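Peer 1: Chains A and B are the protein sequences, given in the same order. The letter at position 105 of the first sequence is residue 108 when you use my numbering, and the numbering goes up by one with no holes. The letter at position 117 of the second sequence is residue 120 when you use my numbering, and the numbering goes up by one with no holes.
Worth flagging that the hints you see were computed from the coordinates, not collected in a lab. Check before you lean on any hint, since a few could be wrong.
Intra- or inter-copy, both count: the list cannot distinguish identical chains.
[To be verified] Think about it this way: if two alpha-carbon atoms lie no more than 20 angstroms apart in a straight line, the pair counts; the simulated DMTMM-like pairs of lysine to aspartate or glutamate are:
1. Lys57 to Asp218
2. Lys67 to Asp203
3. Lys39 to Asp215
4. Lys57 to Glu192
5. Lys39 to Glu52
6. Lys67 to Asp215
7. Lys67 to Asp211
8. Lys39 to Glu68
9. Lys57 to Glu99
10. Lys67 to Asp42
11. Lys67 to Asp148
12. Lys39 to Asp51
13. Lys57 to Glu201
14. Lys67 to Glu201
15. Lys57 to Asp94
16. Lys67 to Asp169
17. Lys39 to Glu204
Model, not experiment: these values are computed from the prediction.
Chain by chain, the residues:
Protein chains: 2
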Amino acid sequence: MQRSETNGSHHGEGDERGGGTRSRILEAATIHFAEKGFDGARTQAIADEAGVNKAMLYYHFQDKEHLYREILTSHFQVIFRQVFPTFIQPDLDARERLLTIVSSYLGFLRENPHLRSLMLYELAAGGPYLSSVVRSLFESIPGLDVERVFGQIGEMIEAGAVRPGDPRQFFLHILSLSIFPFAARPLLESIWELGSGEYDELMAERADAIADLFDHGLFTGKEAS
Amino acid sequence: MQRSETNGSHHGEGDERGGGTRSRILEAATIHFAEKGFDGARTQAIADEAGVNKAMLYYHFQDKEHLYREILTSHFQVIFRQVFPTFIQPDLDARERLLTIVSSYLGFLRENPHLRSLMLYELAAGGPYLSSVVRSLFESIPGLDVERVFGQIGEMIEAGAVRPGDPRQFFLHILSLSIFPFAARPLLESIWELGSGEYDELMAERADAIADLFDHGLFTGKEAS
DNA sequence: GTCTATAGGACGATAGAC
DNA sequence: GTCTATCGTCCTATAGAC
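Produce the complete structure using the sequences and hints provided.
Peer 2: The following block contains the structure:
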């Protein structure tokens with residue numbers, strides 16, 4: 004990974020001439036960055052996939068890194084705008100709200116196969132860029148910020164709807180149970196020798212399994228700690 | 004990522020002359036593969052880190068890829084030998100056994116910082132190699148295999164110690180809650196603006212948080228699904 | 001076992017015609 | 001906007017002396 008820290012945009016946002024070359028490049032690049040990571044992806048392969056010449060990448064985008072960043076930002080934008088607002092939706096009770104978040108999370112990950120590996124490559128690298136993306140996404144959604152989210156959890160606890168505890172652990176539970184099974188999908192499919200159809204079933208049942216865990220815990224005899 | 008599928012070992016296992024050059028290379032390579040991934044890591048940087056010449060890498064290891072594989076295998080070996088055997092330890096009841104697994108998992112991840120990103124890079128790539136490593140590790144530990152693990156879970160359910168449900172969902176719960184918080188550490192540290200000390204605390208408290216979730220669920224009013 | 005030197009190719013990026 | 005052709009660099013891997 005040889006990404007540096009620069010910035011500055013480039014050609015117009017409004018050029019949709021040329022048969023959408025720019026967006027074809029974006030799609031092609033998404034595939035290759037998702038499959039090989041930033042360092043493994045080849046500009047030549049991206050150009051071939053998009054059906055254009057390699058030089059076109061540098062006409063539409065400043066360089067490989069800017070192309071990559073644009074893809075990351077746009078992909079994480081969608082999940083933020085789609086999933087997080089549920090947190091501050093007032094017409095649902097705590098349980099309903101949390102389970103809605105979990106299942107919309109699961110649904111979203113299911114429908115966006117490339118997001119999985121884009122996210123993992125960034126996490127692996129320590130994500131200095133991803134964290135700046137996440138930060139600016141928080142800022143771009145009015146009325147949503149880290150404190151607000153934790154505040155909501157705090158209110159649920161005070162209202163007696165949720166067990167008392169560190170809101171961050173609470174948050175980690177939700178994220179972990181939703182994201183990890185998608186992240187590890189190829190590995191688990193291979194180890195458990197499942198077809199992708201079987202794993203899809205597993206993920207479809209996942210929302211219920213998580214709801215059951217949240218409702219009843221894991222053990223039947225509930226001696227406290 | 005331009006890893007191909009080859010095999011065949013090389014120089015002797017028993018050459019510990021030369022001041023442990025071979026193992027110094029392994030340590031250096033671990034650092035760079037963990038930080039940059041296979042494609043991002045540079046053989047020159049590994050050699051420099053190990054304090055040897057680049058040509059030494061190719062004396063001790065067939066090529067970059069074989070070096071990488073050896074590192075992956077050895078690192079995942081440790082977690083397998085250390086964590087999984089708890090699953091088949093007979094002198095503990097179900098609850099005790101599961102919570103032991105979780106906390107030894109957490110402890111292990113805490114003490115092996117490089118494992119985190121090595122694992123994530125492999126997951127991102129879809130891990131065709133990692134899955135073969137995991138497979139052979141399962142085979143290398145007598146009395147441990149996928150069916151055995153699920154069998155244990157099945158027995159716990161039949162004995163009434165654990166809520167009925169798909170053992171695979173059960174397994175996903177445990178893995179998710181333990182691994183994800185480590186995987187996402189750098190990102191969450193940045194977003195939550197925590198020092199690494201604070202995140203360490205969070206991870207130290209994690210075993211108890213998971214135990215509480217397993218014991219009581221997440222909600223106080225326990226209306227069933 | 002360890003080094004120097006370099007082959008040989010791949011890759012990101014650009015110049016310039018159309 | 002899109003192409004061809006090419007530059008300059010970086011990087012893995014090896015040849016060969018010590």
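Peer 1: Run every hint past the structure and note whether it holds.
Peer 2: Verification of the hints:
| no. | hint | verdict |
| --- | --- | --- |
| 1 | Lys57 to Asp218 | neither (54 angstroms within a copy, 57 angstroms between copies) |
| 2 | Lys67 to Asp203 | neither (34 angstroms within a copy, 36 angstroms between copies) |
| 3 | Lys39 to Asp215 | neither (37 angstroms within a copy, 39 angstroms between copies) |
| 4 | Lys57 to Glu192 | neither (36 angstroms within a copy, 38 angstroms between copies) |
| 5 | Lys39 to Glu52 | within (14 angstroms within a copy, 26 angstroms between copies) |
| 6 | Lys67 to Asp215 | neither (45 angstroms within a copy, 47 angstroms between copies) |
| 7 | Lys67 to Asp211 | neither (42 angstroms within a copy, 45 angstroms between copies) |
| 8 | Lys39 to Glu68 | both (14 angstroms within a copy, 15 angstroms between copies) |
| 9 | Lys57 to Glu99 | neither (49 angstroms within a copy, 59 angstroms between copies) |
| 10 | Lys67 to Asp42 | both (10 angstroms within a copy, 15 angstroms between copies) |
| 11 | Lys67 to Asp148 | neither (31 angstroms within a copy, 44 angstroms between copies) |
| 12 | Lys39 to Asp51 | within (15 angstroms within a copy, 26 angstroms between copies) |
| 13 | Lys57 to Glu201 | neither (39 angstroms within a copy, 46 angstroms between copies) |
| 14 | Lys67 to Glu201 | neither (37 angstroms within a copy, 36 angstroms between copies) |
| 15 | Lys57 to Asp94 | neither (51 angstroms within a copy, 63 angstroms between copies) |
| 16 | Lys67 to Asp169 | neither (41 angstroms within a copy, 44 angstroms between copies) |
| 17 | Lys39 to Glu204 | neither (27 angstroms within a copy, 35 angstroms between copies) |
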